[in-house]
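*Asks:* Once you've looked at the hints, dock chain B against the given chain A.
Protein chains: 2
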Amino acid sequence: MKGATKTRDVKTSILDATDRLLARRGYKKMTIDDLAAEVGIGKGSVYLHFSSKEEIALSHIDGIIERLKTRLYEISEKKSGCDKRLKEMLVERVIFRFDSVQHYTQSLDDIFANIRQRLLERRTRHFGEEAKIFAKLIKEGVGSGAFAKINPDDAARSLLLATNSLLPYSLSTEELGERKEIQKRVSGLADLLLKGVVAR
Amino acid sequence: MKGATKTRDVKTSILDATDRLLARRGYKKMTIDDLAAEVGIGKGSVYLHFSSKEEIALSHIDGIIERLKTRLYEISEKKSGCDKRLKEMLVERVIFRFDSVQHYTQSLDDIFANIRQRLLERRTRHFGEEAKIFAKLIKEGVGSGAFAKINPDDAARSLLLATNSLLPYSLSTEELGERKEIQKRVSGLADLLLKGVVAR
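Protein sequences appear in the order of chains A and B. Numbering follows the numbering used here, with no gaps: position 184 of the first sequence is 186. Numbering follows the numbering used here, with no gaps: position 161 of the second sequence is 163.
For reference, chain A alone in the conformation it holds in the complex (with noise of 0.2 Å):
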């Protein structure tokens, strides 16, 4: 049990070594000698948890989606209406991403310019993934009589698609704006699709 925890702890040191890196100096000159001079562990023992420098980039965006995942699904699971929860859901969406790449200066488009297509195959996926619990709030909704007769699905993916332009792919957090500018407009963006969404 012990050596499991460990192999998740030097993996977990990885990828904060990874964030820390990627902030300040992108995918391009990272190396994984810096990694594992960032983690104080050899090299050798980073390729005994990844395969190669992209997957570490990848296991890292991954990581991140995985952590707004859960918690979506808490927000999703809460006692109040599913307007509220809805609306709670994407505008954690945005600034949940917004957090998670403050500390970098270029956005995600430059820093992963290198890994660029395998980047957009991984955006693809989280957004169906992303999709599919706000599907099942969508649906609870419209099957208690709180929402329109929409299709959950069709609905979620045109609720992330309108918040997608909110989110950090291509634009830095500093090009984006103040994260209190972004949270006033998601809100207002979600206020606005929240009135298309429940039952008239």
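Everything labelled a hint here was simulated from the structure, so no lab data went into it.
Derived DSS-like pairs: lysine-lysine, alpha-carbon spacing no greater than 25 Å straight-line:
1) B/Lys186 x A/Lys138
2) B/Lys8 x B/Lys55
3) A/Lys197 x B/Lys134
4) B/Lys138 x A/Lys186
Treat the numbers as computed from the prediction; the structure is a model and nothing was measured.
*Replies:* Below, chain B alone, put in the same frame as chain A:
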């Protein structure tokens, strides 16, 4: 008068040639010499109309948005219902931009990497100009009772923000997907947004 027409023709020819060169090789590899050769004029003639390559590229982008704004105005002046016009404008905004750069193999962010900062400033200005056209129609809809009592400026900005992720900023048109698919997505999104705007 004839001189003025000629001057305008040359300017238009330069911008048309810019479009072809950007599609073919991107901003970085486009030179004033190439441009002059493409139009069939001397390099000096190019400088009669534009002060720099940067100005030419930005004028090209401005031209696309000017033509789009004209289209949006035309739709906003139609005789159909406010909701119908608003949806048509949202769809047109996305599809017009898609069509304008569908022959480019890279995303606009990649093509214009060298003038990113000025391009972002441009985007902010264009966004505001488009929002004004939408706000005018929304104001009409609020006044006639077709739309709910919303703030036209805020609503316009939210509607544009919601459809921004379907624009070819950071994704090439190839990455964005099929035109038909984009049209379907923006249409579905517009329907949802419309429900949030129309009076109950």
